[in-house]
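If you read the sequences in order, they're chains A, B and C. The first sequence maps to residues 1 to 340 in this note's numbering. The second sequence maps to residues 1 to 284 in this note's numbering. The third sequence maps to residues 1 to 332 in this note's numbering.
To be clear, the hints were calculated from the coordinates, so they are not data collected in a lab. Just so you know, these numbers come straight off a predicted model, no measurement behind them. Hints are supplied without guarantee of correctness; some may be wrong.
Only pairs whose alpha carbons sit at most 27 Å apart, straight line, appear in this in silico DSS-like list of lysine-lysine [stated by the list, open to error]:
id	chain 1	residue 1	chain 2	residue 2
1	C	268	A	124
2	C	268	A	183
3	B	56	A	306
4	B	134	A	93
5	C	268	A	136
6	B	134	A	302
7	A	185	C	268
8	A	93	C	65
9	C	268	A	211
10	B	56	A	323
11	B	56	A	302
12	A	211	B	181
13	C	173	A	136
14	A	234	A	211
15	A	241	A	323
16	A	256	A	306
17	A	185	C	65
18	A	297	B	134
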Amino acid sequence: MRKTLLVVSLVLGLAVAPSAQSDATVLLNAAGATFPYPIYSKWFDVYHQQHGNIQINYQSIGSGGGIRQLQAGTVDFGASDRPMSDEQLGQAKFKILHFPTVLGAVIPTYNIAGVTGELNFTQKALAGIYLGQITKWNDPEIANANKGVNLPSADIVVVHRSDGSGTSYIWTDFLAKASSDWKSKVGADTSVNWPVGLGGKGNEGVSGLIKQTPNSIGYIELIYALQNNIPYGKVQNAAGKFVKADLAGVTAAAEKASKEIPDDFRVSITNAPGPASYPISSFTWLLIPAQISDGAKREAIKGFLKWMLNDGQGYNEALSYAKLPKPIVTKELKAISQIQ
Amino acid sequence: MDRARLLWRKSLNGVMLTLTGVSAFAVVSVLFLILGYLLWNGGSSLNWDFFTKLPKPVGETGGGMANAIIGSLKLLLLAALMGLPVGLLAGVYLAEFGSKTFAFVIRYTTDLLNGVPSIVIGIFAYSLVVLPVKHFSALAGGVALGMMVIPITVRSTEEFLRSVPGSLREGAMALGASKWKTIATVILPAASGGILTGMLLALARVAGETAPLLFTAFSNRFWSPGWGQPTASLPVMIYTYAIAPYDDWHRQAWAAGLVLLLLVLLANLGCRLALSRGGSARSV
Amino acid sequence: MSTTATTIAQAPSQPSGGARAFVQRLRHGDEIAHLITLTFAAGILLLTSMLVYELWVNSHLSRAKFGWLFFWTRTWDPMFGDFGAAPFIYGTLITSIVSLVIAVPLGLSAAIFLAELAPRRISDSISFLIDLLAAVPSVIYGLLGIFIVVPLVRTTIGPLLINTLGHVPAIGKLFRPPNYGVGFLTAGIVLAIMVVPFIISVSREVLLTVPRDQREAALALGATRWESTWQVVVPWARTGIMGSIFLALARALGETMAVTMVIGNDPKIVASLLAPGYTIAAVIANEFTEATGDLYLSALIELGLVLFLMTFILNGLARILIVATERGGGHP
Numbered sequence: 001m002r003k004t005l006l007v008v009s010l011v012l013g014l015a016v017a018p019s020a021q022s023d024a025t026v027l028l029n030a031a032g033a034t035f036p037y038p039i040y041s042k043w044f045d046v047y048h049q050q051h052g053n054i055q056i057n058y059q060s061i062g063s064g065g066g067i068r069q070l071q072a073g074t075v076d077f078g079a080s081d082r083p084m085s086d087e088q089l090g091q092a093k094f095k096i097l098h099f100p101t102v103l104g105a106v107i108p109t110y111n112i113a114g115v116t117g118e119l120n121f122t123q124k125a126l127a128g129i130y131l132g133q134i135t136k137w138n139d140p141e142i143a144n145a146n147k148g149v150n151l152p153s154a155d156i157v158v159v160h161r162s163d164g165s166g167t168s169y170i171w172t173d174f175l176a177k178a179s180s181d182w183k184s185k186v187g188a189d190t191s192v193n194w195p196v197g198l199g200g201k202g203n204e205g206v207s208g209l210i211k212q213t214p215n216s217i218g219y220i221e222l223i224y225a226l227q228n229n230i231p232y233g234k235v236q237n238a239a240g241k242f243v244k245a246d247l248a249g250v251t252a253a254a255e256k257a258s259k260e261i262p263d264d265f266r267v268s269i270t271n272a273p274g275p276a277s278y279p280i281s282s283f284t285w286l287l288i289p290a291q292i293s294d295g296a297k298r299e300a301i302k303g304f305l306k307w308m309l310n311d312g313q314g315y316n317e318a319l320s321y322a323k324l325p326k327p328i329v330t331k332e333l334k335a336i337s338q339i340q
Numbered sequence: 001m002d003r004a005r006l007l008w009r010k011s012l013n014g015v016m017l018t019l020t021g022v023s024a025f026a027v028v029s030v031l032f033l034i035l036g037y038l039l040w041n042g043g044s045s046l047n048w049d050f051f052t053k054l055p056k057p058v059g060e061t062g063g064g065m066a067n068a069i070i071g072s073l074k075l076l077l078l079a080a081l082m083g084l085p086v087g088l089l090a091g092v093y094l095a096e097f098g099s100k101t102f103a104f105v106i107r108y109t110t111d112l113l114n115g116v117p118s119i120v121i122g123i124f125a126y127s128l129v130v131l132p133v134k135h136f137s138a139l140a141g142g143v144a145l146g147m148m149v150i151p152i153t154v155r156s157t158e159e160f161l162r163s164v165p166g167s168l169r170e171g172a173m174a175l176g177a178s179k180w181k182t183i184a185t186v187i188l189p190a191a192s193g194g195i196l197t198g199m200l201l202a203l204a205r206v207a208g209e210t211a212p213l214l215f216t217a218f219s220n221r222f223w224s225p226g227w228g229q230p231t232a233s234l235p236v237m238i239y240t241y242a243i244a245p246y247d248d249w250h251r252q253a254w255a256a257g258l259v260l261l262l263l264v265l266l267a268n269l270g271c272r273l274a275l276s277r278g279g280s281a282r283s284v
Numbered sequence: 001m002s003t004t005a006t007t008i009a010q011a012p013s014q015p016s017g018g019a020r021a022f023v024q025r026l027r028h029g030d031e032i033a034h035l036i037t038l039t040f041a042a043g044i045l046l047l048t049s050m051l052v053y054e055l056w057v058n059s060h061l062s063r064a065k066f067g068w069l070f071f072w073t074r075t076w077d078p079m080f081g082d083f084g085a086a087p088f089i090y091g092t093l094i095t096s097i098v099s100l101v102i103a104v105p106l107g108l109s110a111a112i113f114l115a116e117l118a119p120r121r122i123s124d125s126i127s128f129l130i131d132l133l134a135a136v137p138s139v140i141y142g143l144l145g146i147f148i149v150v151p152l153v154r155t156t157i158g159p160l161l162i163n164t165l166g167h168v169p170a171i172g173k174l175f176r177p178p179n180y181g182v183g184f185l186t187a188g189i190v191l192a193i194m195v196v197p198f199i200i201s202v203s204r205e206v207l208l209t210v211p212r213d214q215r216e217a218a219l220a221l222g223a224t225r226w227e228s229t230w231q232v233v234v235p236w237a238r239t240g241i242m243g244s245i246f247l248a249l250a251r252a253l254g255e256t257m258a259v260t261m262v263i264g265n266d267p268k269i270v271a272s273l274l275a276p277g278y279t280i281a282a283v284i285a286n287e288f289t290e291a292t293g294d295l296y297l298s299a300l301i302e303l304g305l306v307l308f309l310m311t312f313i314l315n316g317l318a319r320i321l322i323v324a325t326e327r328g329g330g331h332p
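Turn these sequences into a full structure, and let the hints guide you.
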């Protein structure tokens, strides 16, 4: 009996202890996109080390989850690679502001025995693969763009997201612009009725599936391919050039938007014009309620946003996300004052 | 001809009986396979960091699951506080006081609750505890797990109370004890060994549950203070890390799996040994 | 009668209010105890009713919009707001059936071994170990599923089945490429390992209750050991064994984590067992936290209600069958 009491009090003590350390701890819960998860987890970790009393717990459950939980009010802010639609904004009982955080790229990755280099993918090829119309790796549409590469006649294993995903939105948004067939049959959204393929949960799940499944193709955010040594291909952009995803290509894609971005920061930059643009680039946003009644939370969020737009951007490139263009940063800093 | 038929029957006999033995050993060997595989892959990853550090940012190696271990303990504590008393007292009711029809209804309902898939219990706990306060919390996770603890506890409590010899009851009654006094001072202590092990088994069962925690306790990369915040837990961490591509995360998932499995198996081992020594060990 | 009981000092702290007052307090105490335990027991009833109520109410939107068509619709399209349960019901049933096809022969023969052949001590220790297998958390089965079973099905079992059974006329349809490693078969295999302990432990108990004289009569008539077991003992216990199968089925239907990690998460109805699929529990686990839109969430909860009903019916049947065997003994 005594032992049980000891154990129980030990656990209770441990449960209470961390909160006893800091008297003014601000705990923020956030959830959403897996696309920027690596940079967000780095940011929140660094921020916590600099401001020991602020803890931002971010769970990457997908952009759809971020939007949903924010609407339900179970998280303090959300994150999504898909800007909320007017309908979704209307469903929320409060006003929600979008704040772009980084620029990233969605890339086609693959796992083909013997192919370690970069494949070139035309827009038609990607749309055809995901529509289930192109089924073998040595299909002419792929082979013609990759002369000299020994493509097997194996079946293509298509991988997509099983959860509601902003990355899916970016990918399908691009495919809808690349192929009118895709646009009419499937459309662009965080969750679509995929014609073919296996579903993985999160960018993490898709990367995992690709790594373990031979002859597979999938779409993930750039950093996941780099961190896991998965080869990825070049994509043909609107100007017809095959561009590999990198900081320069993504920044080039955002150039037009950086001058003309709307006031609510909702914009799509897939299939951007320009010879150097990487066609499957995107902003990703933090979704912040315009009204935050808890003063400590409000100040913590505003403080984090300011830090993110200045010091935070310095961490982007190490994780292969591009920095936000200067005009957008300026505009956002002004927009922070809208949070009350 | 008769001899041929006899030979056929005899060889069939030998073959089938051997097959049954092979099946039994095959099933048992799966257990050792699981244990062995976890030990092989997880054992090497178990280090001091695993038990004391928090998770690192995505893609960086190292870190640990200290918050998940404490989180799981907290969830179990909540489940115990909420589920065990209900299970115990309901079991007492069924064994000692129950009226024919109402007891039947309760037993049926308890069986029903036992059969509810854990993900559905998660949905219920979400709408009951998370939505009203607009907050994922350890409390919600504890409620979900507590609900799962109840049916197992009820059944084992009732069984062990019933197994107390009638002579003990009658002796107490003969000495003039009231019913509740008899229960409290004679029957419960006599059955306490079995009841406690039943409770421990129930807790071991829910310790490994993942699905109901997915949208109740959610998860947390930091320490979770108190009971009203989301908390990391071992099963959810295993799930999250296992489906990800990072090799370091896989490593940690094995280690966590090993820890979880050892805890659950040790609890079961201890309980069942204790039970089989003291009477019928009915599989729960 | 109770008045004479006051001579025993059971309650030393009671003031001496006389025999009658003491008796009244005795009865009062019993009633309180009765009431308290009754309340907690009723609490279980309340909790379960609330659960069913919540499921019913929160699925209202989806039930109103789709009605009975929900069970037949094959699309699951969050974008256009069109939801149907067919692929998930299919996946849930197929994976469970596959698991039973593997687990029942395996489990029953192991149970026969343990009940009929093995010496008591070996039988008890092996039983004990098998019960431990039942205690392994499902996420660990999922972990092992991803890293052991999936590659095994992809590299070995899948191609083997395609090349052998895939050519057989009728069942050949079940084993067609493409073969990814994840899919109905893999989920079925993992589920089989999870439910086999239940089949073994219940079947063993039920087989042990078959009266000795049944066996001995068969043997006396010249049956071999196997014939006596298979043609006399097992049929006697057959309702209980059926009950154990239903129990295992109910467990397989509701299993979430292990399945979602190995089934491929593709809501399609395909004949080939090697194709990826989806189950009710898996889709709820994957999509619940992100179901944007009330109709979407309501459809998921309706799926939860469907699953609940399926397990409810099966568990009920299982209990009836098992109890019937233990009480009366199954008569052939």
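Verification of the hints:
{"no.": "1", "hint": "C:268 with A:124", "in the structure": "holds, 25 Å"}
{"no.": "2", "hint": "C:268 with A:183", "in the structure": "holds, 21 Å"}
{"no.": "3", "hint": "B:56 with A:306", "in the structure": "holds, 24 Å"}
{"no.": "4", "hint": "B:134 with A:93", "in the structure": "holds, 13 Å"}
{"no.": "5", "hint": "C:268 with A:136", "in the structure": "holds, 21 Å"}
{"no.": "6", "hint": "B:134 with A:302", "in the structure": "holds, 22 Å"}
{"no.": "7", "hint": "A:185 with C:268", "in the structure": "holds, 17 Å"}
{"no.": "8", "hint": "A:93 with C:65", "in the structure": "holds, 24 Å"}
{"no.": "9", "hint": "C:268 with A:211", "in the structure": "holds, 24 Å"}
{"no.": "10", "hint": "B:56 with A:323", "in the structure": "holds, 23 Å"}
{"no.": "11", "hint": "B:56 with A:302", "in the structure": "holds, 25 Å"}
{"no.": "12", "hint": "A:211 with B:181", "in the structure": "violated, 65 Å"}
{"no.": "13", "hint": "C:173 with A:136", "in the structure": "holds, 22 Å"}
{"no.": "14", "hint": "A:234 with A:211", "in the structure": "holds, 19 Å"}
{"no.": "15", "hint": "A:241 with A:323", "in the structure": "holds, 23 Å"}
{"no.": "16", "hint": "A:256 with A:306", "in the structure": "holds, 24 Å"}
{"no.": "17", "hint": "A:185 with C:65", "in the structure": "holds, 23 Å"}
{"no.": "18", "hint": "A:297 with B:134", "in the structure": "holds, 15 Å"}
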